[in-house]
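Undergrad: Construct the complete structure from the given sequences, taking the supplied hints into account.
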Amino acid sequence: MVDTFTQKCTRCGEGYPRPKMVGACQKCGGIIKISYDYSEVGKTLDKKKIRGRPFNLWRYSELLPLSSAENVITLGEGGTPLIRSERFASKLGLRNLYFKDEAMLPTGSLKDRCATVSISKAKEAAVKSVVISSSGNAAASMSAYSARAGIRCLVFVPSSAVPSKLLQVTTYGGKVIKVNGTTGNSVKLAADATRKFGWPNVSTAAVYNPYALEGQKTSAYEMVEQLDWKTPDWLVIPVGSGNNLAGHWAGFSDFDELGFTNRRPKIAAVQAAGCAPFTEAVEKGSKPSEVQAWENPETIAGGVRDEFPYDVELALPALRESKGVAVNVTDSEIIETMKGLGADEGIYSEPTGAVAAAGLKHLVASRTIDKDELIVVMVTGSGLKDPGSLSRHFPEPPVIDADINHATKYLA
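Letter by letter, the sequence shown follows residues 1 to 412 of the working numbering.
A couple of the hints might just be wrong.
Unchecked claim - Straight-line Cα separation of at most 25 Å, DSS-like style, residue types lysine-lysine; simulated pairs:
#1 Lys91 to Lys339
#2 Lys33 to Lys323
#3 Lys196 to Lys128
#4 Lys371 to Lys266
#5 Lys33 to Lys43
#6 Lys188 to Lys128
#7 Lys91 to Lys361
#8 Lys323 to Lys230
#9 Lys361 to Lys371
#10 Lys8 to Lys27
#11 Lys361 to Lys339
#12 Lys91 to Lys371
#13 Lys371 to Lys339
#14 Lys266 to Lys91
#15 Lys361 to Lys230
#16 Lys323 to Lys361
#17 Lys175 to Lys196
#18 Lys188 to Lys33
#19 Lys33 to Lys20
#20 Lys175 to Lys128
#21 Lys33 to Lys8
#22 Lys266 to Lys33
#23 Lys20 to Lys196
#24 Lys323 to Lys266
#25 Lys323 to Lys371
#26 Lys178 to Lys188
#27 Lys175 to Lys188
#28 Lys284 to Lys361
#29 Lys230 to Lys266
#30 Lys266 to Lys47
#31 Lys128 to Lys20
#32 Lys266 to Lys287
#33 Lys47 to Lys230
#34 Lys266 to Lys361
#35 Lys266 to Lys284
To be verified - Label pairs and their computed distance ranges (CB to CB):
#36 Gly173 to Gly198: 16 to 26 Å
#37 Leu82 to Gly259: 16 to 26 Å
#38 Leu374 to Glu321: 11 to 21 Å
#39 Ser129 to Leu167: 16 to 26 Å
#40 Arg87 to Gly173: 33 to 43 Å
None of these hints come from the bench; they were simulated from the model. All C-beta atoms in this analysis are idealised placements derived from N, C-alpha and C, irrespective of residue type, glycine included.
TA: If you want it as structure tokens, here you go:
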């Protein structure tokens, strides 16, 4: 590993030594930005060396904030497929559509990228316990990697969290506490626990945990590699806290700075219509400091049910710098897209995982995206995470006797 990174507050400039695991700035509460000396990184990292390494997240170790490879906690994450769409694309009249299927990560969601970096950093800092607020996926990821590291993981989730996700967390040994009210209440409790007990907050928002973003960005690296070192014209991505968007923008920016690419994509942020504070901010032209929390958030897509986009300070400028857009989708559109991804592409997605693909339909209909452009759509989580969300939208299969004549009428 090349130990060339710095940890510095974006607001006051306070710096922190590399071995230290930091959350928000201890001086002013600002976001910690992790930066790399690209001239030093470039001495040991090039396209040829990357190609010669195992196709996993840690092949980009020079661009990750760890000082020693001995501290890496891994479950084999990274290297998720970039699937070229045929039938789904054809129905939209698109010629160059790809799905980045993060459901194939070890615990079934993109949050494993955040977890491997965050918990590896926790091990390097000799941390014994971590705390997280999550709707489910990040909690499962952090619990799994904490189990691997021998670190205690305490989890605050909103009372509306999907039971199947909580079962996954408890199976990994995470200590789950349900919190009444919205996601914001569990976010507050995790932050309070950090202040009271000193446990690092590994929630997947840079305002609490800068290492989550560092994991997220590796998905962008992989896309570029999988497209033969080309940058997509568009990245379509679901937005809750905004960490996913900010992380991908950081990844494309890293490769641009290293000279591996010569441009960055436009980003289309997609939110659920029942919880869309980020889209509202984009449409109003708001500054990050002017963004308001969404009242009474309600959507089937729990992973984007954040009433406030906690990383808006990073995500909003990133979207604007990309010359991107933001759109909303309804729950019914999400459900129909889940069905379409399954029937047309063999991709089994949870509701949040289908948000971006649902948004793509709007972008095509409005002619925001051209049919010949190169498009990557994020699928962020597996349908196995939340099977109940879709099961009630399909009829029960028939039950018959073992008689082929009886079966024939069902086989047409």
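Undergrad: Compare the structure with each hint and give your call.
TA: Hint by hint, here is what the structure shows:
1. For the proposed pair Lys91 and Lys339, the alpha carbon gap of about 14 Å is at most 25 Å, so the pair holds.
2. Only pairs whose Cα atoms come within 25 Å are accepted, and Lys33 paired with Lys323 is accepted, the gap being roughly 23 Å.
3. For the hint pairing Lys196 with Lys128, the CA-to-CA distance comes to about 15 Å; that is within 25 Å, so the pair holds.
4. Distance check on the hinted pair: Lys371 and Lys266 sit about 15 Å apart at the alpha-carbon level, within 25 Å; holds.
5. For the hint pairing Lys33 with Lys43, the CA-to-CA distance comes to about 23 Å; that is within 25 Å, so the pair holds.
6. For the proposed pair Lys188 and Lys128, the alpha carbon gap of about 21 Å is at most 25 Å, so the pair holds.
7. Restraint check for Lys91 and Lys361: the C-alpha separation of about 10 Å stays at or below 25 Å, so the hint holds.
8. For the proposed pair Lys323 and Lys230, the alpha carbon gap of about 18 Å is at most 25 Å, so the pair holds.
9. For the hint pairing Lys361 with Lys371, the CA-to-CA distance comes to about 12 Å; that is within 25 Å, so the pair holds.
10. Pair hint Lys8 plus Lys27 holds up; C-alpha atoms about 11 Å apart against a cutoff of 25 Å.
11. For a cut-off of 25 Å, the pair hint linking Lys361 to Lys339 stands: about 14 Å separates their Cα positions.
12. Using a Cα cut-off of 25 Å, the hinted pair Lys91 and Lys371 holds, with the two alpha carbons roughly 11 Å apart.
13. At most 25 Å may separate the alpha-carbon atoms for a hinted pair to count; Lys371 and Lys339 meet this at roughly 23 Å.
14. Between Lys266 and Lys91 the alpha-carbon distance is near 23 Å, which keeps this suggested pair within the 25 Å criterion.
15. With a CA separation close to 24 Å, the supplied pair Lys361 and Lys230 stays within the 25 Å bound.
16. For the proposed pair Lys323 and Lys361, the alpha carbon gap of about 19 Å is at most 25 Å, so the pair holds.
17. For the proposed pair Lys175 and Lys196, the alpha carbon gap of about 18 Å is at most 25 Å, so the pair holds.
18. For the hint pairing Lys188 with Lys33, the CA-to-CA distance comes to about 22 Å; that is within 25 Å, so the pair holds.
19. About 14 Å separates the Cα atoms of Lys33 and Lys20, which keeps this hinted pair within 25 Å; it holds.
20. For the suggested pair Lys175 and Lys128, the alpha carbons sit about 14 Å apart, so the restraint of at most 25 Å is met.
21. Taken as a hint, the Lys33 and Lys8 pair is honoured in the structure, with Cα atoms around 5 Å apart against an allowance of 25 Å.
22. In summary, the hint linking Lys266 to Lys33 is supported, as the alpha carbons are separated by about 22 Å, within the 25 Å threshold.
23. Annotation: proposed proximity of Lys20 to Lys196 holds, straight-line Cα distance about 19 Å (limit 25 Å).
24. Using a Cα cut-off of 25 Å, the hinted pair Lys323 and Lys266 holds, with the two alpha carbons roughly 6 Å apart.
25. For the suggested pair Lys323 and Lys371, the alpha carbons sit about 18 Å apart, so the restraint of at most 25 Å is met.
26. Restraint check for Lys178 and Lys188: the C-alpha separation of about 13 Å stays at or below 25 Å, so the hint holds.
27. Distance restraint check for Lys175 and Lys188: the Cα-Cα separation of roughly 17 Å lies within the 25 Å cut-off, and the hinted pair is therefore satisfied.
28. Between Lys284 and Lys361, the direct Cα distance comes to roughly 23 Å. Compliance with the 25 Å bound is thereby established for this hinted pair.
29. The suggested pairing of Lys230 with Lys266 holds, with an alpha-carbon distance near 14 Å, which does not exceed 25 Å.
30. A distance of roughly 24 Å separates the Cα atoms of Lys266 and Lys47; the hinted pair therefore holds under the 25 Å criterion.
31. A threshold of 25 Å between alpha carbons decides the hint, and for Lys128 with Lys20 the separation of about 14 Å falls inside it, so the pair holds.
32. Proximity of Lys266 to Lys287 is assessed by CA-CA distance (about 20 Å); at most 25 Å being required, the pair is judged to hold.
33. A hinted pair counts as satisfied when its Cα atoms are at most 25 Å apart, and Lys47 with Lys230 qualifies at roughly 12 Å.
34. At most 25 Å may separate the alpha-carbon atoms for a hinted pair to count; Lys266 and Lys361 meet this at roughly 16 Å.
35. About 19 Å separates the Cα atoms of Lys266 and Lys284, which keeps this hinted pair within 25 Å; it holds.
36. For Gly173 and Gly198, the Cβ-Cβ distance of about 21 Å falls inside the hinted range of 16 to 26 Å, so the restraint holds.
37. Separated by about 22 Å at the C-beta atoms, Leu82 and Gly259 satisfy the suggested range of 16 to 26 Å.
38. Checked against the hint of 11 to 21 Å, the C-beta distance between Leu374 and Glu321 comes to roughly 19 Å, which is consistent with it.
39. Under the hint 16 to 26 Å, the C-beta atoms of Ser129 and Leu167, about 22 Å apart, fit the expected range.
40. Take Arg87 and Gly173: their Cβ atoms lie about 41 Å apart, and the range 33 to 43 Å holds.
Consistency note: the structure conflicts with none of the earlier hints.
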